[in-house]
Structures are given as C-alpha cells and as structure tokens.
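Engineer: Each chain is listed here by its residues.
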Amino acid sequence: MSEYRVQFEVFEGPLDLLLHLVKKQEVDIYQVNLTRIATEFVAYLEQMRELDLEVAGEFLVMAATLIYIKSRELLPVEKQVRPEADDTDEDDPRWELIRRLVEYKKFKDAAAQLQTREGEMEAIYERRPGRPELGELPAPRGTSVSVFELVGAVRQILKRFQEQSPDHEVMSEPYSVSEKMESLRALVGERTRLTFGELFAAARSRGEVVCIFLALLELTRMNVVNLAQEGEFAEIEVCAVPVELVPPPPAPTPEDAYGRPEANPLSASADAPQLA
Amino acid sequence: MELKFILESLLFTAPKPLSIGELREVLVKSATEEGAPPETAAFRKVPVEEIEAALNTLAAEHEVIARSYRLVCVAGAWQFVTQMECAPWLRTFVGVKNRPTRLTQPALETLAVIAYRQPATRAEIEQIRGVAVDGVMSTLKERGLIEEAGRAEVIGRPMQFTTTRAFLEYFGLRNLEDLPAADELRRIPVQRPEVLATVEGQPAPEPEQLSLEAAEAPVVEAPAVEPEPASTSKDSEEPPPPPDLPA
Amino acid sequence: MELKFILESLLFTAPKPLSIGELREVLVKSATEEGAPPETAAFRKVPVEEIEAALNTLAAEHEVIARSYRLVCVAGAWQFVTQMECAPWLRTFVGVKNRPTRLTQPALETLAVIAYRQPATRAEIEQIRGVAVDGVMSTLKERGLIEEAGRAEVIGRPMQFTTTRAFLEYFGLRNLEDLPAADELRRIPVQRPEVLATVEGQPAPEPEQLSLEAAEAPVVEAPAVEPEPASTSKDSEEPPPPPDLPA
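Protein chains in written order, with this note's numbering: chain A, 824 to 1099; chain B, 645 to 891; chain C, 645 to 891.
Possibly wrong hints are sitting among the right ones.
Stated by the list, open to error - Using C-beta positions, here's what the derived DEER-type ranges look like:
{"id": "1", "chain 1": "B", "residue 1": "ALA685", "chain 2": "C", "residue 2": "GLU678", "range": "50 to 60 Å"}
{"id": "2", "chain 1": "C", "residue 1": "GLU683", "chain 2": "B", "residue 2": "ALA710", "range": "14 to 24 Å"}
{"id": "3", "chain 1": "B", "residue 1": "GLY739", "chain 2": "C", "residue 2": "ARG809", "range": "38 to 48 Å"}
{"id": "4", "chain 1": "A", "residue 1": "ARG983", "chain 2": "B", "residue 2": "PRO691", "range": "53 to 63 Å"}
{"id": "5", "chain 1": "A", "residue 1": "GLN870", "chain 2": "C", "residue 2": "GLU678", "range": "56 to 66 Å"}
{"id": "6", "chain 1": "C", "residue 1": "ARG746", "chain 2": "B", "residue 2": "ALA686", "range": "27 to 37 Å"}
{"id": "7", "chain 1": "C", "residue 1": "GLU646", "chain 2": "A", "residue 2": "GLN870", "range": "45 to 55 Å"}
{"id": "8", "chain 1": "A", "residue 1": "SER1006", "chain 2": "C", "residue 2": "GLU786", "range": "28 to 38 Å"}
Unchecked claim - Listed below are the simulated PhoX-like cross-link pairs for lysine-lysine, each with C-alpha atoms no more than 20 Å apart in a straight line:
{"id": "9", "chain 1": "A", "residue 1": "LYS846", "chain 2": "A", "residue 2": "LYS982"}
{"id": "10", "chain 1": "B", "residue 1": "LYS673", "chain 2": "B", "residue 2": "LYS648"}
{"id": "11", "chain 1": "C", "residue 1": "LYS689", "chain 2": "B", "residue 2": "LYS741"}
{"id": "12", "chain 1": "A", "residue 1": "LYS929", "chain 2": "A", "residue 2": "LYS847"}
{"id": "13", "chain 1": "A", "residue 1": "LYS847", "chain 2": "A", "residue 2": "LYS931"}
{"id": "14", "chain 1": "C", "residue 1": "LYS660", "chain 2": "B", "residue 2": "LYS660"}
The hints are simulated quantities; they were obtained by calculation from the structure and are not laboratory data. All C-beta atoms, glycine included, are put in the ideal place defined by N, C-alpha and C.
All chains should be built: construct the whole structure from the sequences, respecting the hints.
Structural biologist: Structure, rendered in structure tokens:
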C-alpha cells in the first residue's frame, strides 16, 4: 500500500482515479460513458499489477462495482432493469456512482480552495506595532500644579546643600539598625501611618539613611509595618499592622509589602537616601 | 469622537487581534476609570452590536480606500493585515512567516469534508473520500485543526469530529460561513438526470438532499475495507454484490 | 506594484520608525536576494529621492483619507502614529493612567535641578542632589516633563536633559523666564562627581556653569538614532507587550 502510494500519488483513492478518467472523456459527468470508464479503470489496475504494485482494497471494490454496471449495460435494452419511477432511482448503481463522484469532486474542489487560502496566508503579514508614544498626561485637565511645589523642592535642595559643610568628615556612625527599628516602631505606633519621606527627614548622613532603611525592611519582614502606595507616583506610606492581624512571624505578607513594584523597598532605595 | 475611529486606533495600536469583547472592555474601562476624560463617557455602556456594526463599517471603508493593508476578522478577532502583493518585500523585512508545513492533499480533502459536514464521523468522511483516513485524521488532530466533539447517536456511537478555532486561524477565516461555497457544500444537491450514461437526458427536477441528517444514519465502521463499496449512509442505496474481478 | 504601497506596507508592519535609508535597504535587498521575485527588480536601484517623494505622497494621501492614524516623519524616520483624539482610549489600552498622580519629592527636586540648570547632565544632577537619579529620571521622561537634548561637549560626551513644553504646562508657566528666581540653585558649583555609582557615571572634568540662557540656545540634533544604553533604554528596547486584557 505504501509502495503504491509513492508511485501513484496523483490518485488519492478510487474516486480520484475515476474523476481522472471522467475528465479524460471531456464530457459532462452525467454524460460519461461508464462502460468505457469501467474498462479503463480495470486496465489501470492491471497495469498496477504488472508493475508489481499492491492494489489497495478500495480500488478492487470500485472495480467490482464498475464491472457490475458494465455487465448490466451489455444486456439487450428490453432486458435491462430500467427504473421508471423516482422511488427506484437508488437501485440504479450508475446513478449511485455518479452521485458519489459529483460529491467527491465538490470536496476535492473545496480542498483546492483551502490550499489556495493556505498559500495566501503565508503572504499576509500582521501589523506588529510598537508601543504608542502617548506619554503620560502631563497635567490634570484644567488645573496646573503650583509652581510653589517646585520652589519648595529648590529650597529643600539648597537647605541640604548648605547643611553639608564643605569640610564634612567621615565619622563613625552613632546609630545602629536595631536602634532605628525601635524608634521606627515607636513612631509608627504613635502615628499609625506616615510617609516614606518622613522617615528619613531627620537623617543627617547617608549612613543613617541606610540604617533607617534596613530597619524598615526588617520591620516589614516581621510584619510590624506595611508599605503601601496610592498610585504610581504617590508617596510611599508606612503603616502599622494592626496588632490583632499580626500573624506569627516569620510569615510576612508579601502582597502588601512587595506586591506593587513601586512599593518595593529595594527599588525605592535609589531614592531613599536623598532626604538625608 | 466617532466609535469607529476609536476602534480603528485601538486595532491599529494592538499587537494582537482583538475580539469585540476586548474592544468593548477598553471602551468601558476608559469611561469608568478614575479621572476618565469626559469624552469617554459616550461609550460607557456601548452595546456589542454597535461595536460590531462599526467594525464592519470600518472594514468596508478600508476595502474602498484600498491601501496596502486591510482590516480583517479571523475567528472572531479583528486585526489589520497587509495585502498579499507586498509579500516579496515584507518577507525580506519581517522574515518568512513562521507557519507549519503545508497540508498534504489527503489532509486537505479530509479537512474539507469535516469543515463542511461537521460534526462528521470517520465513516462519513471515508464514505465521501472513498479511502481510509486514519493516518490523516491523527495528523489533523495533532495539528489542532480538528477535534473530537462527542459521539453520534447511532449504532456503535462513533466519535464525531469538528474543526477548531485554530482551523479558522490557519486559513484566515472569519467563521465557518466564510468557507468558500459553504452553502453549496453543506448540503450538496446532486440532481439525477432522467437518463444516465450514454443516452441523452435532462436533469431530473428533484434534487437529492445529501443533508447532515442523512449522514447521521447508521453507518458501518470503515467502509473502505468492507466488501460492499458503495455502502452509503442510505441502506437502500447499496448495490448488489459485485461479481469477481477478472484475474 | 507601486513604490508608495510597498513603503506603506513596510511602515505599517514595522515596530519602529524607519529612515529612508532603512526603507531603501529593504527594497534593494529584496531585489538582490537569491530567488528574488521578478517584481522586486523594479526597485533594485531606486534613488533616495524617489523614496522620499513617495513617502511625501503617502503622508499627503493619509492626510486626505483622515483616519485615526497618520504618517509622520520625526527626526528623519517615518512612522504611523495615532491621532491625539484617540489617546484617552489608547492610554487605557496600553495601561497608562489618564490622570497622573502628583510628583514625588525626589522627582520634584530632580526636575528643579534640570529646570534651573538646563541643559543638565545626569552626573551634574546627581552631584547636586547627592543621590543616584536613574529611576526618577526615567519617570520624568515617561511623563514627558524632561527630554534628551544632545550631548555635552566634555569627556565622555554625556547626554544632557532639558525640560519640555509639557513641563511648562504642568506648572502653568508661560516660558522658562517665568520660573521663580533661584539664582542660588543655578550657581551651585559642580565638581567632579563623587564615587556615586551610576550607569553613566562619567565624571565631568570641569564644573559646568550652565545658565538659563544656555538652555535656550539651540540644542544638538535629536539623539534618537544614537542609542545610549543608560539614558535611552526606554526608547531602544523592544516595546513591552501590552497588558493582557481580562477576557
């Protein structure tokens, strides 16, 4: 069978071969001379045998049907069973065969159309747009942010700059992380919530900022405080975790503490020390 | 702002096809978000039908302006795609499209039968194609183009098969109605001429309805190996046993 | 196949803006590749002027058909962009807030330094503020409040930044002269940066005294084609996939 498939790939089955023979007659499928087709079909199978090719069972079955049709045709007209009424139509094997051929041809044509479509799809490209440059809305509609905010920022910078005496020395840090944890705990207990910036407001050196930051991380891990942020650019808020909700450590609630990327203490670290 | 233009800009910006549901979601979300601009309110409760109508209008408009791209709907999702004529240059620019190898002739024929006659049993497919289809069927299943869809309520309860969403996507079809000549092939009316064979004849007035219902009649498993070749869905159509083949 | 349609399909498919040179390269490559389809031969030696003319024709055509997108040329590169009117929905679609939240203190301070000392290099800003500003800078760029404005002619040629028109709008200023006087900030001398580890980290060899007047001087050609890893990462990277829309 596989051998045959290689050699006669053109014909996908007996119906395919039949269609080919019908086409050779160059007449309408309903006008085809089935007697001739039968002869040609059998001849084709003979040829296959001579080539030592296995003939698939489906072809033999079809040959049998064709020979039966042919034998009926050979009878004298008056002895032929000629159905007159519609209800006997289906007894006519010729009709049955032609019906199958017509049906098969339609699906073969449909398959050809699918094949065309398949090829076309290889030539159609989708749009692959880049991210649109919409930017963010620079300002809420109608209102503008007060320029005083900018002035405030300028003052802040200058103040810090002046505080940094030009001859500042590196001193040993007079505070520790555990110390800062204690004061943070007290601060949060007192105020319940405060902003990230406030934590560092009093810090006077980068070393102190780092200590406060580590203390905050530790308290977050211990689930004493939560970090949250209202929106993308909002200040990070530090809130006390209500006592009754405190689960036994170490069971942090990563959702609250690290869930939002902006609230992630690690990413905030880049900006944290600037209030020192 | 007209709805169709908003939809167009969304489809133009989207890196993947968007369904009507997804488009609607953007419209609704835009209107209900905090600080939503006032113009978004108009489509806060836009009905699905309105979106669909706007999309069809858009597609028709793009057909008219005939640019190098067009708006299409494939398996319910809308997207902009290029015209085929630009392929030689896009192939250089984007690269050869990453698609699976093309289907073989038997696979395409089998797929066509399933596509038009779904749900179809293996026996029905073999009846139409006149050959066994086991190998082809498993290829099609592996490629996700067809899937099992319950059993037919006939003797033997054979498995039925339908095409998948991936089938529509593979051929770029909007839905099954979009299949070429769908109406004709779903129920093929094969008309019998009054007289067959070599004798002159005119087409009979009464068409044969080869409908889905007929196909669901009891069928023999794998008729290809059966001695009776023309065993159709209709038992009465079986021809008399064939004589022996000449040696 | 008309040249303009090929160009249109290329720009339509491209995920980034294309220069005339890049477009020409695709046309030439398509025609000279092995097994090139015959229709590609027509543009094997297409002159740059012809491409430019076709692009201008295209842009004019798109102006006329007035869709929700148009063809524009920015800094010598052509691309399709959506119309401003569709922005509220597109923002929702790509997951950008329609209403920005207030600037954080670090962002405000960084913005202040840039506003008063523009054009300012990253190193200069970090020196004045005493911290690394990468995160804040990209936030400000994303919000369109600052932009790149050429490179400083010092060792390492670091990128310089200026405030944008959006910055003026955000603070309700008519122009930069409207900024409240802050001569002190302008006068802070900048020295060699400390060991602040930043990606760019180019030590500025000389204190840069940059006044407001300097900021208004013409700036160097837009740097879009010269990607600089640290500062333009946002632009040069492949666009992130859009947020998945909930079904």
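Engineer: Against this structure, judge whether each hint is valid.
Structural biologist: Checked hints:
A beta carbon spacing of about 57 Å between ALA685/B and GLU678/C agrees with the range 50 to 60 Å that was offered as a hint. At roughly 18 Å, the beta-carbon separation of GLU683/C and ALA710/B lies within the given 14 to 24 Å, and the hint holds. The hinted window of 38 to 48 Å between GLY739/B and ARG809/C holds, with their beta carbons roughly 39 Å apart. Taking the beta carbon of each, ARG983/A and PRO691/B are about 58 Å apart, inside 53 to 63 Å as hinted.
Against the hinted window of 56 to 66 Å, the Cβ-Cβ separation of GLN870/A and GLU678/C comes to about 42 Å, which falls outside the hint. At roughly 29 Å, the beta-carbon separation of ARG746/C and ALA686/B lies within the given 27 to 37 Å, and the hint holds. Taking 45 to 55 Å as the suggested C-beta distance range, the pair GLU646/C and GLN870/A conforms, at roughly 53 Å. At roughly 36 Å, the beta carbons of SER1006/A and GLU786/C sit within the given window of 28 to 38 Å.
Our distance criterion of 20 Å between C-alpha atoms is broken by LYS846/A and LYS982/A, whose separation comes to about 97 Å. Using a Cα cut-off of 20 Å, the hinted pair LYS673/B and LYS648/B holds, with the two alpha carbons roughly 17 Å apart. Annotation: proposed proximity of LYS689/C to LYS741/B is violated, straight-line Cα distance about 26 Å (limit 20 Å). This hinted pair checks out: LYS929/A and LYS847/A have alpha carbons roughly 18 Å apart, not beyond 20 Å.
Taken as a hint, the LYS847/A and LYS931/A pair is honoured in the structure, with Cα atoms around 17 Å apart against an allowance of 20 Å. Under the criterion of a C-alpha separation no larger than 20 Å, the hint pairing LYS660/C with LYS660/B is consistent with the structure, at around 16 Å.
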